[in-house]
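Residue numbers (the working numbering), protein chains in the order written: chain A, -5 to 378; chain B, 9 to 281; chain C, 22 to 545.
Heads up, some of the hints might be wrong.
Claimed, not checked - Pairwise CB distance ranges (calculated): (1) A:Asn179 x C:Phe366: 25 to 31 Å; (2) A:Asn179 x C:Gly342: 54 to 60 Å; (3) B:Gly153 x A:Asp323: 53 to 59 Å; (4) C:Arg429 x A:Leu212: 46 to 52 Å.
To be verified - SDA-like, lysine to any residue: derived pairs with alpha carbons at most 25 Å apart: (5) A:Lys314 x A:Val335; (6) C:Lys530 x B:Thr90; (7) C:Lys530 x B:Asp51; (8) A:Lys5 x A:Leu215; (9) B:Lys124 x C:Gln426; (10) B:Lys202 x B:Ser264; (11) A:Lys314 x C:Asn469; (12) C:Lys517 x A:Ala281; (13) A:Lys5 x B:Arg178; (14) B:Lys124 x B:Asp177; (15) C:Lys530 x C:Trp491; (16) A:Lys45 x A:Ala209; (17) C:Lys517 x A:Gly278; (18) A:Lys314 x C:Gln360; (19) C:Lys414 x C:Ile318; (20) C:Lys517 x A:Gly175; (21) B:Lys54 x C:Phe536; (22) B:Lys124 x B:Asp38; (23) B:Lys142 x A:His248; (24) B:Lys124 x C:Gln360; (25) C:Lys517 x A:Phe138; (26) A:Lys45 x A:Leu25; (27) C:Lys530 x B:Thr94; (28) B:Lys89 x C:Phe536; (29) C:Lys517 x A:Leu167; (30) B:Lys89 x A:Gly151; (31) B:Lys142 x B:Leu116; (32) C:Lys517 x A:Phe170; (33) B:Lys202 x B:Pro111.
What the hints assert, rightly or not - To spell it out: a stretch of chain A is covered by chain B in this simulated footprint if at least three of its residues, at any positions, have a beta carbon under 8 Å from a beta carbon of chain B; those stretches are: (34) 217 to 230; (35) 234 to 241; (36) 246 to 253.
Hints are computed from structural coordinates only; laboratory data are not their basis.
We treat Cβ as the ideally placed atom computed from N, Cα and C, and that holds for glycine.
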Amino acid sequence: MSPRSRLIDPKGWIFLAALGAFCVAVPVLNLVVPEGSGLHLPTYLVALFGKYLAYALLAVSLDLVWGYCGILSLGHGAFFALGGYAMGMYLMRQIGPRGVYGNPVLPDFMVFLNYKELPWYWYGFDHFAFAALMVLLVPGLLAFVFGWLAFRSRVTGVYLSIITQALTYALMLAFFRNDMGLGGNNGLTDFKDLLGFSVQSQNFRVGIFVATGVALALGYLIARFMTVSAYGKILIAVRDAESRTRFLGYRPEHYKTLAFTVSAMMAGVAGALYVPQVGIINPGEFAPGNSIEAVIWVAVGGRGTLVGAALGAVLVNYAKTVLTGAMPDAWLFALGALFVVVTLFLPRGLVGTAVERLGGRRAAAKLPPEPAIAPKLAEEGQGS
Amino acid sequence: MSTATLEPPAAHATPPGLGTGPANKKRQTDALLYLDDLRVTFDGYKALRGLSLTLSRGEMRAIIGPNGAGKTTMMDCITGKTRPDTGIALFDGTHDLLTLDEPAIADLGIGRKFQKPTVFESHTLSDNILLALKGPRAGFSSLFGWRNRVERGRIDALLETVGLLPHRDRPAADLSHGQKQWLEIGMLLAQDPKLLLVDEPVAGMTDAETAETANLLRRIAGEHAVVVVEHDMHFVRALECRVTCLHEGAVLAEGSIDAVSADPRVVEVYLGR
Amino acid sequence: MTRLLALLFLLLSAPALAQNADPYAGLAGDGYAEIEAGVSGLAASGDPRAGAILAALADGRLLVRPADKALFIRQGGAVVDARTGAAAADAADLKPVKANNRVRRAIEAARGQLDLASPETGRRRAAADAVFKARDAAALPALDAALAREKDAGVRQAMTEARAAVLLARPGTPEVDRLNAVPPIQARGDGDAMGILRGLGSDPSEAVRAAAARGIAAIETRLAIVGALQNVWYGVSLGSVLLLAAIGLAITFGVMGVINMAHGEMVMLGAYTTYLVQELIRAKMPGLFGWSLAISIPCAFLVAGLVGVLIERFVIRFLYGRPLETLLATFGVSLVLQQAVRSLFGPTNREVGAPAFMSGAFDFYGLSVTWGRLWIIVFAMAVFFGLLFVLRKTAFGLKTRAVTQNRRMAAAMGIRTPYVDALTFGLGSGIAGIAGVALSQIDNVSPNLGQGYIIDSFLVVVFGGVGNLWGTLVAALTLGVVNKLAEPYVGAVLAKIGLLVFIILFIQKRPRGLFALKGRAVES
Chain A
-5 MSPRSRLIDP
5 KGWIFLAALG
15 AFCVAVPVLN
25 LVVPEGSGLH
35 LPTYLVALFG
45 KYLAYALLAV
55 SLDLVWGYCG
65 ILSLGHGAFF
75 ALGGYAMGMY
85 LMRQIGPRGV
95 YGNPVLPDFM
105 VFLNYKELPW
115 YWYGFDHFAF
125 AALMVLLVPG
135 LLAFVFGWLA
145 FRSRVTGVYL
155 SIITQALTYA
165 LMLAFFRNDM
175 GLGGNNGLTD
185 FKDLLGFSVQ
195 SQNFRVGIFV
205 ATGVALALGY
215 LIARFMTVSA
225 YGKILIAVRD
235 AESRTRFLGY
245 RPEHYKTLAF
255 TVSAMMAGVA
265 GALYVPQVGI
275 INPGEFAPGN
285 SIEAVIWVAV
295 GGRGTLVGAA
305 LGAVLVNYAK
315 TVLTGAMPDA
325 WLFALGALFV
335 VVTLFLPRGL
345 VGTAVERLGG
355 RRAAAKLPPE
365 PAIAPKLAEE
375 GQGS
Chain B
9 MSTATLEPPA
19 AHATPPGLGT
29 GPANKKRQTD
39 ALLYLDDLRV
49 TFDGYKALRG
59 LSLTLSRGEM
69 RAIIGPNGAG
79 KTTMMDCITG
89 KTRPDTGIAL
99 FDGTHDLLTL
109 DEPAIADLGI
119 GRKFQKPTVF
129 ESHTLSDNIL
139 LALKGPRAGF
149 SSLFGWRNRV
159 ERGRIDALLE
169 TVGLLPHRDR
179 PAADLSHGQK
189 QWLEIGMLLA
199 QDPKLLLVDE
209 PVAGMTDAET
219 AETANLLRRI
229 AGEHAVVVVE
239 HDMHFVRALE
249 CRVTCLHEGA
259 VLAEGSIDAV
269 SADPRVVEVY
279 LGR
Chain C
22 MTRLLALLFL
32 LLSAPALAQN
42 ADPYAGLAGD
52 GYAEIEAGVS
62 GLAASGDPRA
72 GAILAALADG
82 RLLVRPADKA
92 LFIRQGGAVV
102 DARTGAAAAD
112 AADLKPVKAN
122 NRVRRAIEAA
132 RGQLDLASPE
142 TGRRRAAADA
152 VFKARDAAAL
162 PALDAALARE
172 KDAGVRQAMT
182 EARAAVLLAR
192 PGTPEVDRLN
202 AVPPIQARGD
212 GDAMGILRGL
222 GSDPSEAVRA
232 AAARGIAAIE
242 TRLAIVGALQ
252 NVWYGVSLGS
262 VLLLAAIGLA
272 ITFGVMGVIN
282 MAHGEMVMLG
292 AYTTYLVQEL
302 IRAKMPGLFG
312 WSLAISIPCA
322 FLVAGLVGVL
332 IERFVIRFLY
342 GRPLETLLAT
352 FGVSLVLQQA
362 VRSLFGPTNR
372 EVGAPAFMSG
382 AFDFYGLSVT
392 WGRLWIIVFA
402 MAVFFGLLFV
412 LRKTAFGLKT
422 RAVTQNRRMA
432 AAMGIRTPYV
442 DALTFGLGSG
452 IAGIAGVALS
462 QIDNVSPNLG
472 QGYIIDSFLV
482 VVFGGVGNLW
492 GTLVAALTLG
502 VVNKLAEPYV
512 GAVLAKIGLL
522 VFIILFIQKR
532 PRGLFALKGR
542 AVES
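When you get a sec, could you build the whole thing from the sequences and use the hints?
So this is what it looks like as structure tokens:
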């Protein structure tokens, strides 16, 4: 028997089957079932579900680093937003002369701000392939540099969380500036079409929904491939006893940087799929609160399970949609209570708890240990 | 009692003025491990005050000494966890340990077992051994490479050596304290290092297990050099090796177990004055 | 010398005076130009009635009888003769003397000249400053006369500066006088002086141009120093705000190891407590308003401290040793608190008033110092040293340190650790509440108040070195000053971004902050 575990375990099969069914059912109910029918799914719901799937991909990417590597990133929203901006820049270039000011090259906001020519970093974004590359490269490069610096200096636990938060905060402030050449406050919006399809059309909505579903499945499989290999075992070893892996000759910073970079790219893809579905990307996406909210999705579903992260993202966001519609004031109370209840009473999350119940100790042992995975600050930073 | 009188003769084996510069690299010592005048200070507390020690290839050495004698700090210095303020630490005659970090030192062939057994609790025993196996440590080799295709037999043989084969698929968290000690020794063997540093290997073991561990370590010695830190005098006696006694961060006495335990200074530091 | 010059100018300006021998005629004249000349003439004449007449003209109470050009002043219901001040017998058929903007400017300048002779030092000084600003050549005689009489050194200096400014502004001043006028202007050394000297760039005289250039260079240096000091002051002010916000966190995070994301909300609760206290005082005892902040301090401490104790008892105590979990749970608490305040008080800003001692500003060697900022700095320092005292010198502080260093040992020695935990967390939260009282004076009191401080606070504590109060102090002041010094060059937002990036990089270099603890225990 090879040391590698099966790429797809039972809960993985359930997840992929459910995702597949969803990706078939939604287009059928929207496109095939006639509009008058009670079974018809309105197009706005397709976009909403597509948004959930993009969030689910973000959650999977976060779980890869948090659940398996012990890196609680409070800045994953930054990678998501950067991917979104890369896609947004492509979409802006696609508007062409159809903008309000009719400038064939410059987006409306640049005309408004008296730009004479396109800033250099906008070059190439009229090509989809280039934009798609940037969706991966920009978040990936940032994560690589940031992660390499931080992990090499052995910044761990809470300190790492705080500086990831500072990172996304700094990016938010930067993107709010008009001088950044990325739309400032208003961000990028008024998109017209993507690869020739109108972003408003029903067919596009269904298409991008399915694309997001496929991306989620791929993201899951990549994360799964990494975590079941010896690499993933070393990652878990780093999570549980980082210094021990060093004395075995491993360089945890290499392992963490690779996981962090892959995860950031995945988050970037999620952002890129998210933007055409919601029709706007603005600096608010960098807000530190967004990143922390993504963490709770993972915690609700169960960290270190991947499937749970995706499930948590969909469930929490569905609840958000329902509650903000019915009782806007209640949503923050509910979300706040969710944070408290999950950390206190459901530390392994829904899927983690289910695995523990059904699979017994051996399956549960793979999950992050219940007591803190972080270095014990109480021991380290003591005294005054 | 001044610390100067505690300086062992070994401290003067090197001519003074030898730095750690390039000229130093050329010097050959036949010792596997060569420590000279290591000094470590933590916030004013002197953990090591001029520790010097040499170890030959394949030699087994037991280190004893009261609490705070600097035994663990010495291991920290050898493995790169703590940087001494001054001193020389050479491995295999040429490698300056003080310029390397932990993974690089591990890569040279120095394995360490911690005082508190440290194994990967979420992993099964076989995975613990798998991760310790000697071989490339780079990320890609673990993602796609050979470490994913290790023969089961190789891991099982190692688990057999430390007597844990029946538990191969259990998570390490399930093991008793003594079993974790064994697993960690098994991981050391999987690393196949030239030098094993073993910190209190028999804490929490029954007498029978202790005797078994002594046997195992004796078997290992010869092929690998072994440094054992231990308080259990029966165990140290069973190792049948040279003994070094540390006190207040320096070597107090060195020799056979009988000679060291008869040394009046050793008796004094253990019994108080 | 000055007196000689003054005499010279008196002589020079004599012909101008002669033209308007009777300024009253000018005031009664038909054109605005005549009226303007009359105003100047009246001011220069030294007539004791001048002040009253000019005031009347400014208010539109100066009347003229077109028939004989006689002037009258309306005082309440009565009309008096302008020249004598005696009640006018015949007050029929009167028209007000009109004033346009030019005339009004002339009136201002003229009244200024009159004030130069005022017995009050303050008025003379203000008049000199007014002449300096107006640079009206007509004021020169009055100025010279005043200068000859003046005893007060400060006023003398102001008058000398005014005189120099007038001389430089007036066409036809001889070169030697222009040259002599430069040093007083340079000595003044502010932005106005700079403007005057800049104006000399086109002076025909080489020597004057050179003197002006030297003066400009000297003033620029001085202004740069004052500007830098002013920025340092702003920086210390910002630093004290950061210190106030972070200091409670230094306890909950630094001493207890709890990542309290609801810390900002404790600050917000303190600010809202201040609001409530002020509302109560306004409604019940308006006389106490000056004391409202002092009353708010213990109230805010109690409110935030109590909420802190509740959070500790119901959430955090289950999560000790799991800092990342405390982060998530307390973030949830922060959302609940924000929404609760939003539901109770509404999402908009609440008005918190400033007592009299907090408002106003004074000038300190060219630095503008606002009282509010000054008090906040004093307050921040008081809180800091108070906290230091509590932690270092009291039995409670001893117990806190014992529990945080070795919980089991402390428990074994009979310290009730749960009790100490709750109180320590309450102390940290209460101090955040106190910070809220101060911050209510300089920030918008809204449910989002706390969010603006939480990231900064964490960075201050981490930058300073977790568990080290002095480190927090140094970090807060350093970050505040650096931020304010960078702002003039790159703007507020970029300065802030630069600082965030700096801290991120700094933590790579020294992961445990400026003042890290060393030792085997912390290296594990």
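Verification of the supplied hints:
1. A:Asn179 x C:Phe366: 25 to 31 Å: holds, 27 Å
2. A:Asn179 x C:Gly342: 54 to 60 Å: violated, 42 Å
3. B:Gly153 x A:Asp323: 53 to 59 Å: Because 55 Å falls inside the window, the suggested range holds.
4. C:Arg429 x A:Leu212: 46 to 52 Å: 49 Å Cβ-Cβ, so the 46 to 52 Å window holds.
5. A:Lys314 x A:Val335: Satisfied, since the Cα-Cα distance of roughly 17 Å is no more than 25 Å.
6. C:Lys530 x B:Thr90: With Cα atoms ~17 Å apart, Lys530 (chain C) and Thr90 (chain B) stay inside 25 Å; holds.
7. C:Lys530 x B:Asp51: holds, 20 Å
8. A:Lys5 x A:Leu215: Holds, at about 13 Å.
9. B:Lys124 x C:Gln426: Answer holds: Lys124 (chain B) to Gln426 (chain C) is near 21 Å, not above 25 Å.
10. B:Lys202 x B:Ser264: holds, 23 Å
11. A:Lys314 x C:Asn469: Distance ~20 Å between Lys314 (chain A) and Asn469 (chain C) Cα, so the pair holds.
12. C:Lys517 x A:Ala281: Given pair Lys517 (chain C), Ala281 (chain A) holds - Cα atoms ~15 Å apart, limit 25 Å.
13. A:Lys5 x B:Arg178: holds, 21 Å
14. B:Lys124 x B:Asp177: holds, 23 Å
15. C:Lys530 x C:Trp491: With a Cα-Cα distance of about 20 Å, the restraint between Lys530 (chain C) and Trp491 (chain C) holds, given a limit of 25 Å.
16. A:Lys45 x A:Ala209: Between Lys45 (chain A) and Ala209 (chain A) the Cα gap is close to 12 Å, so the pair holds against 25 Å.
17. C:Lys517 x A:Gly278: Judged against 25 Å, a Cα distance of about 17 Å means the pair holds.
18. A:Lys314 x C:Gln360: Holds - the C-alpha atoms of Gln360 (chain C) and Lys314 (chain A) are around 15 Å apart, at most 25 Å.
19. C:Lys414 x C:Ile318: holds, 22 Å
20. C:Lys517 x A:Gly175: Given that 25 Å is the threshold and the Cα spacing comes to 19 Å, the pair holds.
21. B:Lys54 x C:Phe536: With a Cα-Cα distance of about 21 Å, the restraint between Lys54 (chain B) and Phe536 (chain C) holds, given a limit of 25 Å.
22. B:Lys124 x B:Asp38: violated, 32 Å
23. B:Lys142 x A:His248: holds, 18 Å
24. B:Lys124 x C:Gln360: violated, 47 Å
25. C:Lys517 x A:Phe138: holds, 24 Å
26. A:Lys45 x A:Leu25: holds, 19 Å
27. C:Lys530 x B:Thr94: With Cα atoms ~23 Å apart, Lys530 (chain C) and Thr94 (chain B) stay inside 25 Å; holds.
28. B:Lys89 x C:Phe536: Within the cut-off at roughly 21 Å; holds.
29. C:Lys517 x A:Leu167: holds, 8 Å
30. B:Lys89 x A:Gly151: At roughly 19 Å apart (the allowed maximum being 25 Å), Gly151 (chain A) and Lys89 (chain B) satisfy the hint.
31. B:Lys142 x B:Leu116: holds, 11 Å
32. C:Lys517 x A:Phe170: holds, 13 Å
33. B:Lys202 x B:Pro111: holds, 15 Å
34. 217 to 230: As far as the stretch 217 to 230 of chain A goes, the hint holds, because 7 residues have Cβ atoms under 8 Å from chain B.
35. 234 to 241: Check passed, 7 qualifying residues.
36. 246 to 253: Per the Cβ count (3), the hint holds.
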